[in-house]
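Undergrad: Residue numbers (full-length UniProt numbering), protein chains in the order written: chain A, 1 to 459; chain B, 1 to 459; chain C, 1 to 459; chain D, 1 to 459.
Please note that a few of the clues may not be correct.
What the hints assert, rightly or not - Incomplete in silico selection of chain D near chain A, CB under 7 Å:
{"#": "1", "residue": "Tyr244"}
{"#": "2", "residue": "Gln407"}
{"#": "3", "residue": "Thr410"}
{"#": "4", "residue": "Phe420"}
To be verified - Covered stretches of chain C (chain B as the covering partner; in silico rule of three or more C-beta atoms under 8 Å from a C-beta of chain B):
{"#": "5", "segment": "217-223"}
{"#": "6", "segment": "227-236"}
Said to hold, decoys possible - Taking beta-carbon pairs under 8 Å as the criterion, some of the chain D residues facing chain A (in silico):
{"#": "7", "residue": "Val309"}
{"#": "8", "residue": "Glu316"}
{"#": "9", "residue": "Ser396"}
{"#": "10", "residue": "Trp397"}
{"#": "11", "residue": "Lys419"}
{"#": "12", "residue": "Val436"}
{"#": "13", "residue": "Leu442"}
Everything labelled a hint here was simulated from the structure, so no lab data went into it. Glycine residues also receive a C-beta, built at the ideal position from the N, C-alpha and C atoms.
Protein chains: 4
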Amino acid sequence: MEGPTTLNYRKNSSKGNGVKPVESEVPGKLETPPPKFVKTSNLEFNVLASEKLPNFETLDLFHRAVYPFMFLAQCFAVMPLLGIRASYPRKVRFAYKSLPIIVTLIFMSATCIIFLGMLTHLLQIGISAKNFVGLVFFGCVLTAYVIFIRLARRWPHLIRYWTKTEMVFTRPPYEIPKRNLARRVQLAALAIIGLSLGEHALYQVSAILTYKRRIQICKNITAEPTFDDYIQRNYDYVFQLLPYSPVVAAFILLINGACTFVWNYMDLFIMMISKGLSYRFEQITARIRKLEHEEVAESTFIQIREHYVKMCELLEFVDSAMSSLILLSCVNNLYFVCYQLLNVFNKLRWPINYIYFWYSLLYLIGRTAFVFLTAADINEESKRGLGVLRRVSSRSWCVEVERLIFQMTTQTVALSGKKFYFLTRRLLFGMAGTIVTYELVLLQFDEPNRRKGLQPLCA
Amino acid sequence: MEGPTTLNYRKNSSKGNGVKPVESEVPGKLETPPPKFVKTSNLEFNVLASEKLPNFETLDLFHRAVYPFMFLAQCFAVMPLLGIRASYPRKVRFAYKSLPIIVTLIFMSATCIIFLGMLTHLLQIGISAKNFVGLVFFGCVLTAYVIFIRLARRWPHLIRYWTKTEMVFTRPPYEIPKRNLARRVQLAALAIIGLSLGEHALYQVSAILTYKRRIQICKNITAEPTFDDYIQRNYDYVFQLLPYSPVVAAFILLINGACTFVWNYMDLFIMMISKGLSYRFEQITARIRKLEHEEVAESTFIQIREHYVKMCELLEFVDSAMSSLILLSCVNNLYFVCYQLLNVFNKLRWPINYIYFWYSLLYLIGRTAFVFLTAADINEESKRGLGVLRRVSSRSWCVEVERLIFQMTTQTVALSGKKFYFLTRRLLFGMAGTIVTYELVLLQFDEPNRRKGLQPLCA
Amino acid sequence: MEGPTTLNYRKNSSKGNGVKPVESEVPGKLETPPPKFVKTSNLEFNVLASEKLPNFETLDLFHRAVYPFMFLAQCFAVMPLLGIRASYPRKVRFAYKSLPIIVTLIFMSATCIIFLGMLTHLLQIGISAKNFVGLVFFGCVLTAYVIFIRLARRWPHLIRYWTKTEMVFTRPPYEIPKRNLARRVQLAALAIIGLSLGEHALYQVSAILTYKRRIQICKNITAEPTFDDYIQRNYDYVFQLLPYSPVVAAFILLINGACTFVWNYMDLFIMMISKGLSYRFEQITARIRKLEHEEVAESTFIQIREHYVKMCELLEFVDSAMSSLILLSCVNNLYFVCYQLLNVFNKLRWPINYIYFWYSLLYLIGRTAFVFLTAADINEESKRGLGVLRRVSSRSWCVEVERLIFQMTTQTVALSGKKFYFLTRRLLFGMAGTIVTYELVLLQFDEPNRRKGLQPLCA
Amino acid sequence: MEGPTTLNYRKNSSKGNGVKPVESEVPGKLETPPPKFVKTSNLEFNVLASEKLPNFETLDLFHRAVYPFMFLAQCFAVMPLLGIRASYPRKVRFAYKSLPIIVTLIFMSATCIIFLGMLTHLLQIGISAKNFVGLVFFGCVLTAYVIFIRLARRWPHLIRYWTKTEMVFTRPPYEIPKRNLARRVQLAALAIIGLSLGEHALYQVSAILTYKRRIQICKNITAEPTFDDYIQRNYDYVFQLLPYSPVVAAFILLINGACTFVWNYMDLFIMMISKGLSYRFEQITARIRKLEHEEVAESTFIQIREHYVKMCELLEFVDSAMSSLILLSCVNNLYFVCYQLLNVFNKLRWPINYIYFWYSLLYLIGRTAFVFLTAADINEESKRGLGVLRRVSSRSWCVEVERLIFQMTTQTVALSGKKFYFLTRRLLFGMAGTIVTYELVLLQFDEPNRRKGLQPLCA
């Protein structure tokens, strides 16, 4: 593509104050032109195949941090990739003719059946704002499956580009923070997974207890509380399309669990990506801070700026791949938060219903806030170096510092929802205000239903 | 106007690294001072008359891309211009005493009659939020006619200025993207036209079937289902002012079709303009990208910046001419989207009504989103070069790059609605939020009407 | 204050390419430090007293443009100043012990009485959203009186500072646009005054006709339609505090007229101020445009920037004096637009009522839009030079151009409402959206009242 | 930390035009790296211990200005610190095992009991939007206690850092404004304390009178109006958990008073902090203004910019410590303003109720506006120097001025609510609009309750 003479900014960085150019093993001609987001796989990741190969397992890389959770997700048919467990990102690949894709398609078909069953059911009994929620849930999950497949196709290229970009941050002068990337991702992921398991379990407990109590109390129901009967009553919408059999029952429970997993995994995935990105910006900030009271050569600033720009490009690339997922996750979260908030003033029959409702509501709000805040951290972190840069003495001042400050000040470094909005802390504030408005109007709208109170138990 | 010595920035661009000044055939003294938007036609477009005349038919020019659709629009009395089919933009002219103007006036008068008929009709039966929609429709179309006439007066000057500005992009170093401008405009236009034809046809089918079924079922209606009767019932408002005759009936159908065309053409026209503008910014971005790993002379950046500034000026000029149309189109789209969304929960009588309603609603939302996104693309595209410019090495760094980055960062390059708002992706997000709020409030407001359900069929 | 050696930026401007420093007759030591907004009157405006005194009557100055309307306003007790008709701004002064102040106090007391009468009346019959409007009207007028008195105190200083700042724009290289300042102000003022007179007249006609028709039709009212009876019925709230007598009746009509004048004058005054400011920015833009294809010396840019900065300072100063009035005017206009829009769907009894209502509504919306747009013009105009400045060739490029572009880009040059918001076109867009939201909610709120329809005429 | 060679920007500042470096007694190596917000107390504040110790009591320092009010707050168990009355900030310290902490814990437990009592009470009678307000009040106070304790832990470090930063502003070339910091803080604090005392007293008077009148009038109540009975009726919710005894009664009154104090002190504290910060920015502005017509050496601008950057860092540090409190205060104020506005149209029984209600409402709105405006002043003040800086002549122009202007223009210097929003004047405008929307929707929602009117007195 370009001869060695054209690599001017690379050579430039090495003519500094003796700082060794940090990426000599990534020759320029392998550089993918990121803005065009080359997707062709002929871009051989041959650096990794060379003899200088670092030991990937010990490096603090994003791929190493997320692969356990991506593998777990594959078990639920999310992001069908091959070689995800390999320590070398270049072994990760996507193939249409592969087991994961088949699993995914099976899960998708099953979800589709449930979705259609629900649609049929609702068209029969009449769609209302209340029962619409089920459609939204399964619709979101289906869309998420599709988005994850599309993401999976881009993932091998993305994770290689990511790894190449972050290679430089695994070596001095960058330091690994007290809590490394893998640890951070783990903490977040385990928290989400744990809490969502709790939510799902509580949902089942609440449903089963409600079912049992109803049969105990109602005299007009003579059926025994059996597993078969429970499934048939609780997932009645599925049996619009399928006949009942214990196998189908088990299958429904499985698919329901998988759907719940996917529904939670969307947010978890965004969170992991966000942590991976903000971690690197944090390292840049840390490096800038260390320079605070020193006399700094321009070459250092050139290097820092170069890394900063590269991270921004990586972010842009990731954003272009993730935007659909972010948009879906935001819409989904906003809808469910609004829906659940609306039910706050509803009367419920049993204490277990209250416990489930409040747990579920708080979990939902917490997860939404968490995913937003984690994503907004990228934006916060990318600007944190400004304070030190503004204190650079007039002696160390140079065009490169000016450019870096200008870029940090004017560029919105953040994940976005298809560029419609950027995930920053200010957005969250604006959204909170909007949700309150919606809620007030909806509460008023829902007033008549709420006044009716509980329906008779045994009708 | 100014002697050759004053053309400093032009000469400047030629003292670069041997890049041939790209616009030698457009002498500086023909340069219209765009900010003043000279409208006088004594600005002879004599370049095109000179012997160096390029073959316009083969060039990738905006005029060549849009003229088929502008000619089609003229058949519906929109934008009365002469010589629109000519390959030379300078043959395009506007004259008050011309056939197109007469056609336009006839169509306008006819639309006016229908509008007044509807107004009379509504004042008789009482204006409500529901039946107000017809007035808005014909009012919008009338306003659009007027705006298009005013635009037509400015068009000859505008298209010449546009052609002169984009001349430079038809030659190296600019390249023609894989899909050229004419093709892009064609695709968008044919899609819109096809879908709107479908919408109009479905409307007629839905109306006719509803009419027939009613006569079949209702015993108190003894009339035979004839064309005359159908027109009289369905367009009853026109016959407030006109007597019925088969000629009038045909005329009504024609005018209704023309109105529907104009109503769709507003959006289509904005879309074509947007594509024409963003296409050039895309070319600039592509050129900047090719420079990525090269050592670039300042003169190249001077030239790029000059072209960028010229495109911004062209945009400003186009915006000043188009703003009224954009404002009208936005208001119109927002009104109809709100109106149709409000009807989502209404009960309809026949399946064909549902089919038409959902097709119409989705088409409307799709068209609105499409026109917004196409317009917002200008804004997105104008900033896309920033990534590469930020990576310019400190060796290639120069004041011109700094100026270009500063301008790209701080200037809002986008079409606007009379400068009240700029058509960017963020605006669309904000508008979506606002529409949801309106919708929630309106739904609540409309609740009593909705609860009444369907009116008796045979009343 | 400072010796000649410190006047560096002034001397600087004269060492340009032979352009004569334009303000030699305004020695630097008279320069008021505008950011501190010195209010002490010991700042003798002695330039004007010197022998070089220009003929103020022929100059295109703001004071000369507005004094007729300010004098007219004084007749209605607004802005009690002495010497307003003088052609020299320095003869304008404010004194507590003066005739205008006394007149103002009389009018204020009278308005106060009416306000209290209305308050008493409303407390008796119960305050509702509907009848609250009278209180708001008189409350606004009273507040306006107070604000205008405070403004009058600052006016002498302000108009001198203004005149000094704009002196430079009355001479070459600045040119007087086709339509000069006085003409522009006149047109705007006469339009507002004419339309508001129409509005007030129509109000009286509507009230009188309604009164007459009611007596004609109602059999239970035996009174003759006399002037006394009309006043007593129509202004019943005043007679809570005052006894009826023909003198009082005439007085009420006078005060009502004065209040209407003040209510309109608020907006007119803001409009005149805005025109005065944007006019100068327009001149700067025009000057910049003339430089377009020329080789420009840095000294010229120094001078232009200096004038630009001075205008910004003048704007800041004017804004600090006017902000309360702008805030009041905005709140007042928003309230009345919302109030009147709410009445759009109300049934009225007589055609004259409809005529008055629609005239009044359209006038109100038009005036509000007009005042906003005129004020927003300052903002638009202040940025219009950017286009040309961005085209400055790299040869003419200098630090001064950079500073000017940076300032134009980043500074919000606009009148503000106490810095809470800036009067820009974008604000108007946002406000329109907010008004629609309010209106939708209020319409719903008002639904029960509206459904009741007209009250019986003769109750 | 760093050797003398690295202190380049410090040395730099002294190589100016003979201006003595202003902070020679604060050696660089004591400089805490503020962005990391070192909390370790091993940062000995040994400057103050040195023999050069200035007389702190006479200095215009923030600590000296606020300590009386912080000491007063300690009497109500807010911010448990030791040595707050000392004139040396370094004597201020926090210890878990100390009397203030114990007092705080006692008060917190007491508040907790009341809160739980109220919760129990409300769960019994059913939570509604109306009676929810009590829970919010005590919940806010409890949260405030916790936040204040966390703040107290950071306070010793913060106040030392603050004092060190502001030391430079107590000496020339900075001047002390006409009204010094202590005076400003005093005025604000005394106003808030006085008005809140009035509010609390009026509340008691209103409650007692209402209680007495009810017993006098109602024949079905035979009880004598005693203190015991009054407490039992008025604070009935407490006696859900506690038995009645005169001691408990006194205790309730005390805790209620303390809660009211804390509720007001939140805002007061933010106000004092804001005044402390904006005061310094005012001094910087004043210094810049004095330079207006002078020829200024670059070293002066270096120094000014350094001080400006330090103030920004102090602000950032304070903001990171205060953000939780600001968020709580905003939410609290918004909730109570909305709640009280909603009651405006409610009928009350006795005149004293009206007096209390309106006093309380106006006080609440006033306090909210006051705290917002005071905080927004930081933002306004930080930008006020821009006007003069923009007028710097091209001769004095240097990179340092450019950097200072760039920073002032692009940085949002303001307190924030956890970075979700910044306390600027524009925010207040946006919030006002939002409150109006909420109010309109809520009023409509509350309509049925309001129509019921007063409940029977003797039920």
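Undergrad: Now tell me if each hint is right for this structure.
TA: Evaluated hints:
no.: 1; hint: Tyr244; result: 31 Å, violated
no.: 2; hint: Gln407; result: 6 Å, holds
no.: 3; hint: Thr410; result: 5 Å, holds
no.: 4; hint: Phe420; result: 4 Å, holds
no.: 5; hint: 217-223; result: violated (count 0)
no.: 6; hint: 227-236; result: violated (count 0)
no.: 7; hint: Val309; result: 5 Å, holds
no.: 8; hint: Glu316; result: 7 Å, holds
no.: 9; hint: Ser396; result: 15 Å, violated
no.: 10; hint: Trp397; result: 14 Å, violated
no.: 11; hint: Lys419; result: 5 Å, holds
no.: 12; hint: Val436; result: 11 Å, violated
no.: 13; hint: Leu442; result: 6 Å, holds
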